[in-house]
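**Student:** With chain A's structure known, arrange chain B on it following the hints.
Those protein sequence lines, which keep their order, are chains A and B.
Last residue of the first sequence? That's 663 in the UniProt record's numbering, and every number before it is there in order.
Last residue of the second sequence? That's 717 in the UniProt record's numbering, and every number before it is there in order.
None of these hints come from the bench; they were simulated from the model.
From the three backbone atoms N, C-alpha and C, an ideal C-beta is built for every residue, glycine too.
There could be a bad hint or two in this list.
Examples of chain A residues toward chain B, derived with CB under 10 angstroms [claimed, not checked]:
#: 1; residue: Ile119
#: 2; residue: Leu133
#: 3; residue: Glu433
Calculated lysine to aspartate or glutamate pairs in the EDC-like style (CA-CA distance at most 16 angstroms, straight line) [unchecked claim]:
#: 4; chain 1: A; residue 1: Lys117; chain 2: B; residue 2: Glu326
#: 5; chain 1: A; residue 1: Lys391; chain 2: A; residue 2: Glu341
#: 6; chain 1: A; residue 1: Lys380; chain 2: A; residue 2: Asp460
#: 7; chain 1: A; residue 1: Lys589; chain 2: B; residue 2: Glu549
#: 8; chain 1: B; residue 1: Lys545; chain 2: A; residue 2: Glu623
#: 9; chain 1: A; residue 1: Lys136; chain 2: B; residue 2: Glu692
#: 10; chain 1: A; residue 1: Lys391; chain 2: A; residue 2: Asp301
#: 11; chain 1: A; residue 1: Lys428; chain 2: B; residue 2: Glu616
#: 12; chain 1: A; residue 1: Lys428; chain 2: B; residue 2: Glu692
#: 13; chain 1: A; residue 1: Lys430; chain 2: B; residue 2: Glu190
#: 14; chain 1: B; residue 1: Lys647; chain 2: A; residue 2: Glu341
#: 15; chain 1: B; residue 1: Lys695; chain 2: A; residue 2: Glu142
#: 16; chain 1: B; residue 1: Lys153; chain 2: B; residue 2: Glu190
#: 17; chain 1: A; residue 1: Lys286; chain 2: A; residue 2: Asp251
#: 18; chain 1: B; residue 1: Lys689; chain 2: A; residue 2: Asp448
#: 19; chain 1: B; residue 1: Lys698; chain 2: A; residue 2: Asp137
One-letter residues, chain by chain:
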Amino acid sequence: MGKKLGKKARKFAKKNLQSVLKRRRKLKSMFKRKAASRRVGNEDAAEGYEKVKSELHARGNSDDGAILNDQLENLFVEDDDHLNEDVSDSDGYLSEDPECPYISESENEDDSRGQNKEIHLELAKQKRKLERLLEKDPKFAEFVESRRSDLDQTRSEEIYSDDEGNTSYLDGVAVRQSQISHDDKVLTGHTIDVWCWLVMEQPDGSGFANLLNGFHAASQYGINFDDNSSPRIPNRAVFSKILTFVLCEADGVFRRLLGVPDSCSKECILKLKSTPKWKTVRPLMKSYLRSSLFLLNQVTDSQILVFILSRLRASVIFFTLFPSLVGRLIKILVHLWATGEESLSSSSFFFIRDIASQLSSDCLDTCLTRTYNAFIAHCKFVEPTNLKHLKFLMDSVVEIYSLNIQKSYQKVLLSVQQLASILRQALKTKGKEELKKIHNWQYVNCLDLWVKFITCNFRDHDLQQLLFLIIQVIRGIAYLFPGPRYVPLRFKCVHMLNHLSLSSRVFIPVASLVFDCLEYRGNSNSDTMKRMQINFSSLVKVPKQFLKSRDFHEECVLSAVELLVAHFVQWSYHISFPEVATIPLILLKRFHEKTNVESLRRLVKRLIDQVEQNIAFIQKKREEVSFSPNDQASVECFLQLEKTGPPAPFTRYYSSILQNSWF
Amino acid sequence: MKDGENDTGVAKLTKAERRLKIKKSRREAKKLAEAKVDASKENLHSEVLAKVEEDLSAEELFAKKKIRLAEVGIALIENPEANIKSLKELLQICDDEDHNIVKLGLMSLLAVFKDIIPGYHIRLPTEKELEMTVSKAVQQTRLYESTLLRSYKAYLQKLITLDKQTTFHHVAVRCMCSLLDAVPHFNFRESLLANVVKNISSSDDVVRKLCCEAIRSLFINEGKHGGRATLEAVRLIADHVKFHNCQLHPDSMDVFLSLTFDEDLGKSESNEEKVKPKKKKRRQNQEGSNQVQGSDRKKVRQELMVKTREEVNADFKAISFAPDSEERRRMQSETLSAVFETYFRILKHSMDPSLSRSKTNAVAATGASGSQPLLASCLNGLGKFSHLIDLDFMGDLMGCLKKLAGYSDHFEGSSSESYLSVSERLQCCIVAFRVMKNNLDALNVDLQEFFVQLYNLLLEHRPDRDRGEVLAEALKAMLWEGKQHDMQRAAAFIKRLATFSLSFGSAEAMAALVTLKHLLQKNSKCRNLLENDAGGGSLSGLVVKYQPEATDPNLSGALASVLWELSLLAKHYNPSISSMATSVSSMASMNPAHNQVYLSTASPPQAFKDLSIERELFKPIGKPVSLNRKRTRGRDFVIISPDEVQKVENTIDEQEVQRRLEDHFMVLRDIAENERLRGELNHTLSSIKLYEEYKRQKKQRYTSNTGRRNENGEKVK
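Isolated chain A, as found in the complex:
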């Protein structure tokens, strides 16, 4: 039903409302995409893990466990089947109490605008013409009637292929008829006002059902004219009144009806099921939630969407009672989250997070899978324009995965292992195709995602195994892509390693990965070349023409300095800091001697000075202690006091560097 009508609307819109349609098309295509194969997520996560594992073994290569499934998208397969099952049942209509008043009043607006007016005029003209013909020759009327039946038959066959907005005669008639037959059920502004008043006064009265029917009609407005049982909405004021009132008040009304406090756990909601009140409230609530979902699917304006989401979020706990709706809700939310603009995206995320944390663990599972998949699908391209959105998406995924580490850990581990196996394959073959699978944004972003996940949760959970694996993967990437062309990718790796090291407090040597940046020699007399802005943040691979440019060289050194400082600052209070800095310092000094770019000279000089200052500081402190390197406990205590005190010069230097960082 929805489909058919949707088609009609589409047909119209294609001709007349390009911009509206564009958005809708995007939406539809999103929903249409279905995963091809069976899913694992349904089972218990650990079980799923074992299953995937065993599948991999069955596919051969059991010794190295090479995962052949190297498409990041296909890791967790979504299950759409159960979501569609109740899309079709649309018994949204609630039986109404006849006592509840409909106040008749003619307030149909007749302000046809623009194109519609023209068509209207044209129609009147043509109708007059037809009437004249009919008058002229009464026999013609008979002829028309007889031909009509033939015509309709053929028409019904070609209706879908017909590109012209050539709606059939019968449809037009039906629309008219339904309008006529429901003139008695027109919702006037007064009716609504009275209903609203009724509902606020006595929530368990019949007004609420009527109001919800109106809400349902409003949500279906413009789409479901065939639905004979719905009341008709005559004008915009009524439309917006119904929607805003129901959305604002429904949650409160339901809570009052059921006697549920504002903060209420999943368990206490589930208890309601056995109460007698539930029987009467259930259809009301279902209608409300379904209509809201329908609205979410139909509306394209982001502000309205944000409003609906924020209101609906209040009732999130009620979704526990309608598991079939939750799937649909998550699907819609994830779509809005991934594609919507800033406020819409974030409000969808908060909704998702509420679902994931407050509803059943199955919902959490669905959220985990869907958000991951949506993220992976959206992170294929990184441009300066979508950096912020991507970052938000990544943060949100981390948030949702951090809700229940016990549950998400298996998924994360599986994903990281998939990354590792892609890398392994590439290391083994060094084939162009395999390498391409790694130096793309999808892979890098996925890696970045889990790095963030680990850094956020390492303190509270035992993620040692995951940490080790991911460090190996990152180092492997840095090793696999040598040379100046992949400098941005390597920098990203170093950046990730620095993050991991900072959060986990393990030592990860990164200095050697940036050394060669201090040796690339850009073409120093490149004045003829026009200055090209290079932004590493949206690059994995440097275009060839940049390689020799001075900008590239400068950018390299700048980033290298930044990464080195980030590495140093972590250990700036460690007793072994002078040794950490020894080799980099020698190389930096050499660079300083040789470079002829004044800005870089200054930059590097400052770094050298700062490092030397810190070395002197540590060495002085070091002379005062008497313990030996094997006394780990004392080493840990070294300078702990200073660390908590006011920031040392080096820390201040780091924050100044950090200000103009691109990472």
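**Tutor:** Okay, now just chain B, sitting in the frame of chain A:
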């Protein structure tokens, strides 16, 4: 015809024949297909032929020639003695104008020769021998051999001339290489070798590979030719290198690595022979003294016997290709000297300052640098054969290596710009140490310079540019295997290696740590580095304070330092490294008297390999452990600040939403209205259109009616 022959021949086919046949039939099929394609091209040719052989098209001619080739070939292999004359025919076929036939002919001849060439060198009878009357059998054999030899020579000449033509280059090289591989003992090896060596560094990958493989198999299967071919090949290559001024493909130098030298050959037998002559002499003396009294006749007879025996021996020696040990020793030493001559030439050439080398080479170089393609391979070879180097060369060689390792230009502060890559320089050091190790007693060369080199090269290592294995190998050769080190130097290296492992990846770090541990074990006094002595400089020598930037290990004052690195390395993400670091730092408590209690078994290269990224990633991943929660955390946000929620909620403006809802309604209504109106419009329009049809029908009806009426009227009339 041919089929029948094949059928009869099936039973008798040897392996070679079968191979030949298969090859031929395959070729035939291919050629037939090609011939069809070429048919148009050969039309011209066939027109000329048409005058002579009118009935034969080019295709038929081709097929006929091929069949002839097959017949002759098979006949030759079946009974070489009887059909030896047909070699001539085969050779003639090779003069054909059709390129494909020529190629086929060459390949067939190759197969035939490989099959019928005897396992010995043919010596043509001298004139004197020819004069002698011999039996019929001998005569026949002589005829056979001389025919074989003559056609073989002609074949080779053909190959050599065809080698110069581009169309036949590949085929000719392939033929020569397989001949060299199959019959290196036979006559005319020299010209064969010369041509193969000529192509050894061809720019054509296929040709070069073929030639290198052939030479390599020559070196490996010395039994086939008794080593003579080896010597010739090595000499030829040496000349080749000289001629091309060392600018050859590295593959051509790598073949030397397949050479094997029998070390025992020289020593044991020379000892024996040293003893032998003495004994012989003594015996002869004894005999002589004994035989003084013997009769002259007896003496003459004895002398005759000795003489004949020697003659027979000489003949045998000439024919057999297993030379006696003395001969072999001579050849081996000549081979060696040719090899080393080549190596030294390359070394000298690398040092030649007149050659302009761009600085970029040093950066870009990975293994084979642009200007010195042969150096890496040469150093490999020197390393491999270092134990065979003549002592006289040794001093010279060490000088070269020292220079190459970059010592000379180091003090100019431009070590990074020296023209050899870091790996190559490390290799120089390794070779020097190998050479020294094998000739410890013989030489007394100061290796200090090499240590200085290594000490500084550790800083130059770039994991993605230089090969870590070479570094690990250098650590092994110079520090791990070496004898006792000077304490200053050992301490300097210990400190540097520890610092090194703080900056580099796990594999390099592990190699360094293994070496470090080994050094600490061997130099008990250096274990003071593990302890933070308040007093400090009890052991420090000339330099009181540690100078991390010093370039000379002896002047670094490392003895005054403390290995704080270990405390940080103990926090290394890689568990193997952190446990290694802990075990090293726990050595402090070891009794200083306890020397070499337990030497770690893994050598630096082994440690490097074990922790290399490839290896680490392929390690099986342990079963996912159940997750331990260290701390319970509420439902706090992890990254996103909760204020965001407020922010989002605050942006909602109900008035605005209402307005937008109204707009939305209008849009929806307009869509619906528009749709409805269009429906009606179309309906009306279609009705109007129907009117046309109606009118037409009415007209028809009208005309038919009037017609009928007319008819009726006529009837009425």
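**Student:** So which hints don't hold here, by number, going up?
**Tutor:** 3, 4, 6, 10, 12, 13 and 18
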